[in-house]
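K.L.:
Each chain, letter by letter, is given below.
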Amino acid sequence: MVVPGLWSSAMRSGHTPLAEARRDDDIDSGAGAVGALRAAEPVPATALTAAPADALLRVEGVSIDYRTDQRVVRATHRVGFDVHQADRFVLLGASGCGKSTLLKSIAGFIEPTEGRILLDGQAVTRPGPDRVVVFQEFDQLPPWKTVRDNVMFPLLASRRVGRAEAAERAALYIDKVGLTPFADVHPHQLSGGMKQRVAIARALAMQPRVLLMDEPFAALDALTRRRMQEELLALWDEFRFTLIFVTHSIEEALVVGNRIAILSPHPGRLRAEINSHQFGLHSLGGVEFQATAQRIHRLLFDEPEAAPGTVAADAEQLTHQRPAAVPGHLPFRISV
Amino acid sequence: MSHVLSSPAGGPRVPPVRPEVEHTLPPLTGFAPEHPLPLAARIWQQGWVRRLVIIAVLAVLWEIVARWQNNDLLLPTFVQTAKALVEGLASGELVEKTAISLSVLLKGYFAGIAGAFVLTTLAVSTQFGRDLLSTLTSMFNPLPAIALLPLALLWFGLGQGSLVFVLIHSVLWPLALNTYAGFQAVPETLRMAGRNYGLTGIRYVLQILVPAALPSILSGLKIGWAFAWRTLIAAELVFGASSGKGGLGWFIFQNRNELYTDRVFAGLALVIIIGLLVESLGFHTLERLTVRRWGVQR
Numbered sequence: 001m002v003v004p005g006l007w008s009s010a011m012r013s014g015h016t017p018l019a020e021a022r023r024d025d026d027i028d029s030g031a032g033a034v035g036a037l038r039a040a041e042p043v044p045a046t047a048l049t050a051a052p053a054d055a056l057l058r059v060e061g062v063s064i065d066y067r068t069d070q071r072v073v074r075a076t077h078r079v080g081f082d083v084h085q086a087d088r089f090v091l092l093g094a095s096g097c098g099k100s101t102l103l104k105s106i107a108g109f110i111e112p113t114e115g116r117i118l119l120d121g122q123a124v125t126r127p128g129p130d131r132v133v134v135f136q137e138f139d140q141l142p143p144w145k146t147v148r149d150n151v152m153f154p155l156l157a158s159r160r161v162g163r164a165e166a167a168e169r170a171a172l173y174i175d176k177v178g179l180t181p182f183a184d185v186h187p188h189q190l191s192g193g194m195k196q197r198v199a200i201a202r203a204l205a206m207q208p209r210v211l212l213m214d215e216p217f218a219a220l221d222a223l224t225r226r227r228m229q230e231e232l233l234a235l236w237d238e239f240r241f242t243l244i245f246v247t248h249s250i251e252e253a254l255v256v257g258n259r260i261a262i263l264s265p266h267p268g269r270l271r272a273e274i275n276s277h278q279f280g281l282h283s284l285g286g287v288e289f290q291a292t293a294q295r296i297h298r299l300l301f302d303e304p305e306a307a308p309g310t311v312a313a314d315a316e317q318l319t320h321q322r323p324a325a326v327p328g329h330l331p332f333r334i335s336v
Numbered sequence: 001m002s003h004v005l006s007s008p009a010g011g012p013r014v015p016p017v018r019p020e021v022e023h024t025l026p027p028l029t030g031f032a033p034e035h036p037l038p039l040a041a042r043i044w045q046q047g048w049v050r051r052l053v054i055i056a057v058l059a060v061l062w063e064i065v066a067r068w069q070n071n072d073l074l075l076p077t078f079v080q081t082a083k084a085l086v087e088g089l090a091s092g093e094l095v096e097k098t099a100i101s102l103s104v105l106l107k108g109y110f111a112g113i114a115g116a117f118v119l120t121t122l123a124v125s126t127q128f129g130r131d132l133l134s135t136l137t138s139m140f141n142p143l144p145a146i147a148l149l150p151l152a153l154l155w156f157g158l159g160q161g162s163l164v165f166v167l168i169h170s171v172l173w174p175l176a177l178n179t180y181a182g183f184q185a186v187p188e189t190l191r192m193a194g195r196n197y198g199l200t201g202i203r204y205v206l207q208i209l210v211p212a213a214l215p216s217i218l219s220g221l222k223i224g225w226a227f228a229w230r231t232l233i234a235a236e237l238v239f240g241a242s243s244g245k246g247g248l249g250w251f252i253f254q255n256r257n258e259l260y261t262d263r264v265f266a267g268l269a270l271v272i273i274i275g276l277l278v279e280s281l282g283f284h285t286l287e288r289l290t291v292r293r294w295g296v297q298r
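Residue numbers (this note's numbering), protein chains in the order written: chain A, 1 to 336; chain B, 1 to 298.
Careful, some of the hints might be misleading.
Stated by the list, open to error - What follows is a set of in silico ranges between Cβ atoms, one per label pair, in the way DEER data are often shown:
1) B:Leu122 / A:Tyr66: 25 to 35 Å
2) A:Tyr66 / B:Trp48: 48 to 58 Å
3) A:Val72 / B:Glu188: 37 to 47 Å
4) A:Gly96 / B:Gly275: 53 to 63 Å
5) B:Ala56 / A:Ser191: 41 to 51 Å
6) B:Trp48 / A:Ser191: 47 to 57 Å
7) B:Ile55 / A:Arg227: 51 to 61 Å
8) A:Gln189 / B:Ser125: 29 to 39 Å
Since the hints were derived computationally from the structure, they do not count as laboratory data.
Predicted model only: the values in this text are computed from it and were never measured.
Glycine included, C-beta positions come from ideal geometry on N, C-alpha and C.
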């Protein structure tokens with residue numbers, strides 16, 4: 001089902017051109033559009049230099065406060081960025097940088113204190129089925145519905161399509177996440193990874209304008225998480241949805257995203273936006289991958305560049321001289 | 001320093017380097033990874049078998065104590081009671097009384113459920129509804145329904161109206177409390193998922209909150225059912241045939257006056273049997289089809 005090598009070369013060479021080539025109605029035409037999209041590849045070189053089209057989602061100077069009984073705490077301070085069609089946009093930061101709060105705000109659950117969030121030029125005011133969220137917690141799936149009913153549920157609840165088409169779409173996306181044999185079981189009989197697959201299938205079946213994922217793999221074991229990243233990228237390769245992905249793992253950010261927004265903690269401010277379209281699971285442990293990971297690490301923790309002659313500089317020199325000595329091993333750890 | 005870390009034998013404490021091993025795994029044969037439990041264990045797994053055993057043991061104990069007591073007026077035996085029960089059912093008298101009781105009971109019960117649903121829906125949607133529910137429940141829940149019956153008789157007169165009124169009172173508050181507690185325990189993620197798909201108002205309550213809170217709602221329904229039975233029988237026992245035609249409680253009351261103790265026991269036994277049937281056929285089936293199947297309750 002998963003073909004990691006497939007999406008590695010031509011398609012990941014640039015992150016905006018496909019977005020421009022794509023029309024809005026592709027999203028709503030479902031599986032039929034996939035073939036047409038594939039025909040559009042590979043991307044002509046000229047498209048790479050074209051100016052980016054209007055952003056699909058625009059976050060403009062957004063600050064978010066949350067209120068306790070005693071005080072008002074600023075979670076996010078004047079953050080702004082653009083997300084384009086078919087982006088895999090990652091919000092990366094340590095705990096307490098307000099990245100989940102920001103995502104919930106994009107989803108419409110939390111109203112920003114200042115600034116605004118525009119989707120297709122329209123201000124986001126409330127939760128809606130055009131911005132489907134995949135949460136970290138497994139209890140996002142109603143336990144009283146089977147896998148199939150769970151995937152059909154939002155389609156019927158939002159009254160987007162009729163029952164027949166909802167069933168058809170559910171079957172397609174359940175198949176895409178490899179859960180067809182489990183379509184008629186209830187969520188409590190599934191493993192954690194399978195539950196997240198159901199949540200992803202459910203979100204994709206809605207064919208939302210933006211797919212929001214709030215640390216969707218954080219509660220999974222390391223091996224399952226790796227496989228889920230692979231599968232997510234394979235799904236993106238097929239359906240080219242627009243993704244906003246929250247994580248606190250640098251490695252996951254580099255693998256999953258094509259652009260990473262780095263947020264500083266307390267309150268969350270935008271520290272940097274970094275491109276990572278050139279990395280995938282194949283690049284784990286590579287020289288460039290490690291260098292970028294270290295750069296992000298520095299940006300996250302605001303460590304100064306190592307001064308020449310210091311122990312830190314020597315250590316960095318060493319890691320650069322011995323690339324991929326231990327594949328997949330990073331020179332630091334982030335607790336997960 | 002290395003002496004400190006050394007083993008008593010003197011060598012450094014390093015585990016031995018052992019040869020590596022790789023096994024080729026042949027396909028498993030001659031072994032069933034799954035086999036059925038023995039028949040006796042499977043029968044004992046059935047809940048109703050265990051319940052029947054408990055009831056049988058209680059009946060035998062009753063029979064022994066009654067025979068030892070040897071006073072029909074105070075404590076008739078199990079066999080005598082069973083005989084009176086069969087006779088009452090055969091003559092149609094008990095069937096009629098039960099039908100009267102049950103029809104009043106169901107009216108009050110369902111009206112109470114409807115009231116509880118309205119109150120809790122208000123409570124989850126508005127601050128005012130929340131205050132209304134908490135104030136009303138803390139005021140009325142401690143009031144025994146039977147204590148309201150004299151008032152109800154004044155207001156609604158002799159007849160079903162006053163009984164239905166006290167039944168609603170006995171069902172409404174415990175059910176509303178349980179349902180509201182269940183609504184509040186619905187996980188935040190599930191709420192957000194529901195709102196994410198554009199569910200609001202009554203659709204949100206019916207499609208997210210009610211199924212998610214069903215374990216609490218079911219336990220509220222059970223408590224409400226028991227309270228309703230108690231109230232109904234007590235009302236008829238204390239105030240006689242207050243619904244115009246007498247029900248089961250009236251049957252017990254009359255026979256006590258005429259010292260037919262075995263019939264009194266037969267009436268009580270019928271109350272118990274109906275309770276058991278409703279529990280095992282009604283609520284248990286409902287649980288098996290819903291909360292157990294969904295894995296939200298063991």
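K.L.:
Please go over all the hints and tell whether each is borne out by the structure.
P.N.:
Here is what the structure says about each hint:
no., hint, in the structure
1, B:Leu122 / A:Tyr66: 25 to 35 Å, "27 Å, holds"
2, A:Tyr66 / B:Trp48: 48 to 58 Å, "53 Å, holds"
3, A:Val72 / B:Glu188: 37 to 47 Å, "21 Å, violated"
4, A:Gly96 / B:Gly275: 53 to 63 Å, "55 Å, holds"
5, B:Ala56 / A:Ser191: 41 to 51 Å, "43 Å, holds"
6, B:Trp48 / A:Ser191: 47 to 57 Å, "33 Å, violated"
7, B:Ile55 / A:Arg227: 51 to 61 Å, "53 Å, holds"
8, A:Gln189 / B:Ser125: 29 to 39 Å, "34 Å, holds"
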